[in-house]
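Each protein sequence line maps, in turn, to chains Y and L.
With my numbering as the guide, the letters of the first sequence map in order to residues 1 to 152.
With my numbering as the guide, the letters of the second sequence map in order to residues 1 to 68.
Rather than coming from a laboratory, the hints here were simulated on the basis of the structure.
Certain hints may be false.
Simulated coverage check for chain Y against chain L, where a stretch passes if three residues somewhere in it have a Cβ under 8 Å from a Cβ of chain L [stated by the list, open to error]: (1) 9-19; (2) 87-93; (3) 100-106; (4) 115-125.
Not everything, but these chain L residues come out facing chain Y in the computed CB check (under 10 Å) [as the list claims (entries may be wrong)]: (5) Asp-16; (6) Glu-24; (7) Arg-26; (8) Gly-27; (9) Glu-28; (10) Gln-29; (11) Arg-31; (12) Gly-33; (13) Gln-50.
DSBU-like cross-link-like pairs, simulated, lysine-lysine; straight-line CA separation at most 35 Å [said to hold, decoys possible]: (14) Lys-45/L <-> Lys-136/Y; (15) Lys-40/Y <-> Lys-2/Y; (16) Lys-15/Y <-> Lys-38/L.
Glycine included, each C-beta is placed from N, C-alpha and C at the ideal position.
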Amino acid sequence: MKLTQTRFSTIEFEKEDVLTFSDGIIGFTDCHEFVLVNSKPESPFRWLQSIEEPSLAFLVVDPSVYVEDYAPDMPTTTADELGLEQETPRMVFATVAIPPGKPEAMTLNLAAPIIINAVTNVAAQVVIEDAAYTMKHRVFQEANRVSQKTAA
Amino acid sequence: MLVLTRKVHQSIVIGDGIEVVVLEVRGEQVRLGIRAPKDVAVHRKEIYEQILEENRNASLVRPEDIPE
């Protein structure tokens, strides 16, 4: 059992909970070890909490909660790096952006999911080359679509 | 910035393990081939910057804004 003080609370984790990102996460490549922490009980949202940098945690969610048939094609080199074969159990998360005070404007990054080999806990952020998946996938319909178009 | 002129099928070598080859030049587009060790991540810069931005955004979410 290990304890780390994060920006939310003190968390407790076991060695076998630690996810290893050998390449780090884009923009944060000095951090290689993370754990998944529930944001609230029963919530699909989790914090991908850095062990090395307690103030660093990314909000993530299983994209299938909001996106039907999310099945990105992973580059074979990435599958090899993660040791993923066809049948290997895995976890997939998308990073979540929520502008302060505007949960309705939440977006998921479907083009660079976090993929975890659930057997070995080896993990990576993977770039998906598929125009169907954007980095700012809006989850909730906009009340006023015209203003969205103007903003874009 | 170091500036070098290369022709198609010529390459540059960076350090010990990285090679960038000019494969094709067509109008304004240049196709490059990159040979690099596995632990060197190669990204299109604009893609890299967008991912960085979204990662940063995900690290700044306030717990009180997370939907129920």
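(message) Can you verify the interface hint for Asp-16/L: is its Cβ closer than 10 Å to any Cβ in chain Y?
(response) Not OK, violated: Asp-16/L not within 10 Å of chain Y, min 19 Å.
(message) Does Lys-38/L sit within 35 Å of Lys-15/Y, going by the straight-line distance between their CA atoms?
(response) holds (26 Å)
(request) With a cut-off of 10 Å on the beta carbons, see whether Gln-29/L makes it to chain Y. (result) violated (17 Å)
(message) Holds or violated: the hint that Gly-33/L contacts chain Y, with Cβ atoms closer than 10 Å.
(response) violated (15 Å)
(message) Between the region 87-93 of chain Y and chain L, are there enough contacts, at least three residues with CB-CB distance under 8 Å, for the coverage claim to hold?
(response) violated (count 0)
(message) So, as I understand it, the hint says Gln-50/L touches chain Y; can you test that by seeing if any CB pair is closer than 10 Å?
(response) Where the cut-off is 10 Å and the nearest Cβ of chain Y is about 5 Å from Gln-50/L, the hint holds.
(request) With a cut-off of 10 Å on the beta carbons, see whether Glu-28/L makes it to chain Y. (result) violated (20 Å)
(request) Tell me if chain L covers the region 115-125 of chain Y under the three-residue, 8 Å CB rule, please? (result) violated (count 1)
(request) Answer holds if the nearest beta-carbon of chain Y is closer than 10 Å to that of Arg-31/L; otherwise answer violated. (result) Check failed: Cβ of Arg-31/L comes no nearer than 15 Å to chain Y, outside 10 Å.
(message) Lys-45/L and Lys-136/Y were given as a pair; does the straight-line alpha-carbon distance stay at or below 35 Å?
(response) holds (17 Å)
(message) Restraint: Arg-26/L near chain Y, CB-CB cut 10 Å. Satisfied or not?
(response) violated (20 Å)
(request) Mind taking a look at whether chain L covers the region 9-19 of chain Y? Criterion is 3 or more residues with CB to CB distance under 8 Å. (result) With 0 residues in contact (Cβ-Cβ under 8 Å with chain L), the coverage given for the region 9-19 of chain Y is violated.
Comparing the model with each earlier hint shows violations of hints 1, 2, 4, 5, 6, 7, 8, 9, 10, 11, 12; every other hint is respected.
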